[in-house]
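*Asks:* Spelled out, the chains give:
2 protein chains.
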Amino acid sequence: MANMLGDDLKGLLNERQIDTPVARVVRALSGHGAVSTSQIARTTGLARSTVSTILGDLRRSALVVEVETRSPGLGRPALAHSLNPEAGTSVGVLLGLREVRIILADVAHNVISDVSMPFERDYAPDRVIRSVKHTIDNLYKEHSLPFSNLLGVGFAVSGPISPAGRIMPGSMLPNWVGVDLRALFEPVLQKPIFADNESHCAALAEMMWGAAIDVEDFVLFKLDLGVGGAIVANGRILTGAAGTAGEFGHIVHDPQGPLCRCGNRGCLELYCGGSAITDLAEKRLRRTTSLAEVVKGALAGDIGYRRLIEDAGEVAGRGLAMVGTILNPPLFVISGGLAEAGEILLAPLKTSYERYTLTKSQSTSDGFAPRFVVGRFLDNDNTMGAVGLVLRHHGRLT
Amino acid sequence: MANMLGDDLKGLLNERQIDTPVARVVRALSGHGAVSTSQIARTTGLARSTVSTILGDLRRSALVVEVETRSPGLGRPALAHSLNPEAGTSVGVLLGLREVRIILADVAHNVISDVSMPFERDYAPDRVIRSVKHTIDNLYKEHSLPFSNLLGVGFAVSGPISPAGRIMPGSMLPNWVGVDLRALFEPVLQKPIFADNESHCAALAEMMWGAAIDVEDFVLFKLDLGVGGAIVANGRILTGAAGTAGEFGHIVHDPQGPLCRCGNRGCLELYCGGSAITDLAEKRLRRTTSLAEVVKGALAGDIGYRRLIEDAGEVAGRGLAMVGTILNPPLFVISGGLAEAGEILLAPLKTSYERYTLTKSQSTSDGFAPRFVVGRFLDNDNTMGAVGLVLRHHGRLT
Numbered sequence: 001m002a003n004m005l006g007d008d009l010k011g012l013l014n015e016r017q018i019d020t021p022v023a024r025v026v027r028a029l030s031g032h033g034a035v036s037t038s039q040i041a042r043t044t045g046l047a048r049s050t051v052s053t054i055l056g057d058l059r060r061s062a063l064v065v066e067v068e069t070r071s072p073g074l075g076r077p078a079l080a081h082s083l084n085p086e087a088g089t090s091v092g093v094l095l096g097l098r099e100v101r102i103i104l105a106d107v108a109h110n111v112i113s114d115v116s117m118p119f120e121r122d123y124a125p126d127r128v129i130r131s132v133k134h135t136i137d138n139l140y141k142e143h144s145l146p147f148s149n150l151l152g153v154g155f156a157v158s159g160p161i162s163p164a165g166r167i168m169p170g171s172m173l174p175n176w177v178g179v180d181l182r183a184l185f186e187p188v189l190q191k192p193i194f195a196d197n198e199s200h201c202a203a204l205a206e207m208m209w210g211a212a213i214d215v216e217d218f219v220l221f222k223l224d225l226g227v228g229g230a231i232v233a234n235g236r237i238l239t240g241a242a243g244t245a246g247e248f249g250h251i252v253h254d255p256q257g258p259l260c261r262c263g264n265r266g267c268l269e270l271y272c273g274g275s276a277i278t279d280l281a282e283k284r285l286r287r288t289t290s291l292a293e294v295v296k297g298a299l300a301g302d303i304g305y306r307r308l309i310e311d312a313g314e315v316a317g318r319g320l321a322m323v324g325t326i327l328n329p330p331l332f333v334i335s336g337g338l339a340e341a342g343e344i345l346l347a348p349l350k351t352s353y354e355r356y357t358l359t360k361s362q363s364t365s366d367g368f369a370p371r372f373v374v375g376r377f378l379d380n381d382n383t384m385g386a387v388g389l390v391l392r393h394h395g396r397l398t
Numbered sequence: 001m002a003n004m005l006g007d008d009l010k011g012l013l014n015e016r017q018i019d020t021p022v023a024r025v026v027r028a029l030s031g032h033g034a035v036s037t038s039q040i041a042r043t044t045g046l047a048r049s050t051v052s053t054i055l056g057d058l059r060r061s062a063l064v065v066e067v068e069t070r071s072p073g074l075g076r077p078a079l080a081h082s083l084n085p086e087a088g089t090s091v092g093v094l095l096g097l098r099e100v101r102i103i104l105a106d107v108a109h110n111v112i113s114d115v116s117m118p119f120e121r122d123y124a125p126d127r128v129i130r131s132v133k134h135t136i137d138n139l140y141k142e143h144s145l146p147f148s149n150l151l152g153v154g155f156a157v158s159g160p161i162s163p164a165g166r167i168m169p170g171s172m173l174p175n176w177v178g179v180d181l182r183a184l185f186e187p188v189l190q191k192p193i194f195a196d197n198e199s200h201c202a203a204l205a206e207m208m209w210g211a212a213i214d215v216e217d218f219v220l221f222k223l224d225l226g227v228g229g230a231i232v233a234n235g236r237i238l239t240g241a242a243g244t245a246g247e248f249g250h251i252v253h254d255p256q257g258p259l260c261r262c263g264n265r266g267c268l269e270l271y272c273g274g275s276a277i278t279d280l281a282e283k284r285l286r287r288t289t290s291l292a293e294v295v296k297g298a299l300a301g302d303i304g305y306r307r308l309i310e311d312a313g314e315v316a317g318r319g320l321a322m323v324g325t326i327l328n329p330p331l332f333v334i335s336g337g338l339a340e341a342g343e344i345l346l347a348p349l350k351t352s353y354e355r356y357t358l359t360k361s362q363s364t365s366d367g368f369a370p371r372f373v374v375g376r377f378l379d380n381d382n383t384m385g386a387v388g389l390v391l392r393h394h395g396r397l398t
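Going down the list, the protein sequences come from chains A and B. Under the UniProt record's numbering, the residues of the first sequence are numbered 1 to 398, in order. Under the UniProt record's numbering, the residues of the second sequence are numbered 1 to 398, in order.
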């Protein structure tokens, strides 16, 4: 039963050329989780009556199930539709700086498992292939799930990825530069492979389940050890010609500044990235520390740590002001480990944004100034986004 | 006959909620001019056979005509389809710095008339309303066209426009700030009103007929008296929350630089805009001149004028390098009066772009470096784009 369902679903989700109304409804369900008939009609552009008929057929063939959703507050639970969780699963893999993390989820957007494997820094591809394959096999055994219903594997990578799936220079994974992700993983996993860089995946997670649900245009700004981000326009994540759209960490902050690993001088990341912060803490405050400890210390009142985060916020706001002048988005989602500092980071960031950007909230009375919110997934946004790649069919490598 | 056609066309083009296959085909024809069956199938996502059937029906009702198109070179002319030129017309209006320009075109994308009316600088709205109405009426009389078949009027404005059609602070037309374009023109013209800022319109013209045909992602960079631009992502022009997306002239070039009219310091426009260039020519070279004369002089070998343009190119390239780092587009269309200088501008611009941007052509061997081309419409891109607003149904004010 589950296998037959899986075959139906694969056909409808993976064959991009089939632009039938049924396939559009199934893709909307896959991309959005539990949704109402009206939401599906809005997303697909189909008439409500057409959507109802299709949902009826899909329920009869067990591809779709009815679920109750409850909005915050009082009121009756609303009826929504979701793909049958038994119809398929999706795996997201983070190729991180020092870990490989794997999340297994079903097509109804339930997380079944979330495992992290530590790796030494600068790990090489060959060891990862075996670990990933082994871990995925075990997860399917452990949860008694049919591997045949795995719809695809999404990869979130610390570094830019070309549209064809090759890891580009500038990646935080030096041993992976030039690697073709599909050529590496498809023969082993025998499943469709999806990939995008980890900040783009983070944006997808915030769009699907986090701080930017139903927001068609926003910018994700990620302040972690490195600085990166993503641009979402008309509901789609921009990848860029070489996969480097949203690399805000390499906006030139000072053209006479220190040399950056990217080959430019004075990049934003050198002033407000987590590595710059811990370096300074070590040099000036004589404390060997991690980014998480700096944030924790600042929140607990340590004035040295607090100042480091405030100064990072000031510089970050200047860089973001350029992004605002260029893109004028209605929403910034501030993400990454540094965002855990909350207002200690956000207050100076917003002040310098306002000072250096074109459209100032002082001069626009009608709500045109952007909102700044902290992301919902500060810990596992990238891996959740890798799951989302498969569910939203973004970054499919062919 | 023409009137009946016009009514049919209006229904299919203007009612956004009707997402029928027929409406999709008609919109593809309106947006693209003369196109083949396969191109329509690609644009609409409909099956080729469905498109053929629909085109047959539309030809029988005279809404569509067959035309021959000839690609450059040898070979038989290809058969394409276009909307019947008698089925409708569209008007584009430029509200420029010192002129109001009006282009009348039919739905087959033929320009019927192109008139320019000089206005004194800082002209006020009330005089323009009457002129526009009067000129449009006369054009329809002169060409014996039924006014009833006018599908809409598009406005290209020197300055940002809010999504609701209000002219925003920062406009080059100080007397128009706060003006609601729809409230102003709809009662007089009694037609659907479309509007966007002139650089966004310029991008539309380059997409429809110019240097970026069939390019889904590009950046238009306009170097004229002011500096502006537009971002096209997935085939759509980004407007931004306050209408200021693409205002590249206000990227901060030097945070300690001179005050800009926007309220920031050291904006890019103050270093590479045409006004900055003619100001310097006057102060340092002691010559009162226009941007066109500077460009003409430089092309003729004047070393002072040449240096002014080269220096502007260097600064412009730095600003564009930030746009490249943030967006990573595959194509830059360089537009505006300064682009007439060709390589005198482009050579230093590309050199400094390469120096300051993240994805350098030196480090990417696989064609990921962006192309730079000069726009096709350096003179009337904005007014042509205003016509395009109506044909592409972009920027409709409701």
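Incorrect hints may have been included.
If several chains are the same, the list does not tell them apart, and a pair holds so long as it fits within one copy or across any two.
[Stated by the list, open to error] In silico DMTMM-like cross-links for lysine to aspartate or glutamate, where the CA-CA straight-line distance does not exceed 25 Å:
(1) 360 with 180
(2) 350 with 120
(3) 296 with 340
(4) 141 with 293
(5) 283 with 86
(6) 360 with 254
(7) 133 with 120
(8) 191 with 126
(9) 350 with 254
Please keep in mind that the hints were generated in silico from the structure rather than gathered at the bench. Being a predicted model, the structure only gives us computed values, none of them experimental.
*Asks:* Checking an output row: residue 350 and residue 254, CA cutoff 25 Å. Within, between, both or neither?
*Replies:* both (20 Å within a copy, 20 Å between copies)
*Asks:* One pair to classify: residue 191 and residue 126, alpha carbons no more than 25 Å apart. Within, between, both, or neither?
*Replies:* within (18 Å within a copy, 65 Å between copies)
*Asks:* Are the CA atoms of residue 360 and residue 180 at most 25 Å apart within a copy, between copies, both, or neither?
*Replies:* between (43 Å within a copy, 20 Å between copies)
*Asks:* At 25 Å max between alpha carbons, let me know whether residue 133 reaches residue 120 within a copy, between copies, both or neither.
*Replies:* Answer is within; shortest intra-copy Cα gap is 19 Å, inter-copy 72 Å.
*Asks:* Reference check for the pair residue 350 and residue 120, CA-CA at most 25 Å: within, between, both, or neither?
*Replies:* Close neither inside one copy (37 Å) nor across copies (40 Å); limit 25 Å.
*Asks:* Could you figure out if residue 141 and residue 293 sit no more than 25 Å apart (CA to CA) within one copy, between two copies, both or neither?
*Replies:* neither (38 Å within a copy, 76 Å between copies)
*Asks:* Measure nothing new, just compare the shortest in-copy and cross-copy C-alpha distances for residue 283 and residue 86 to 25 Å and report within, between, both or neither.
*Replies:* neither (54 Å within a copy, 76 Å between copies)
*Asks:* Can you tell me if residue 360 and residue 254 fall within 25 Å by alpha carbon in one copy, between copies, both or neither?
*Replies:* both (23 Å within a copy, 18 Å between copies)
*Asks:* If the cutoff is 25 Å on CA atoms, where do residue 296 and residue 340 land: within, between, both or neither? Let me know, please.
*Replies:* within (8 Å within a copy, 56 Å between copies)
Checked against the numbered hints above, the structure breaks hints 2, 4 and 5 and satisfies the rest.
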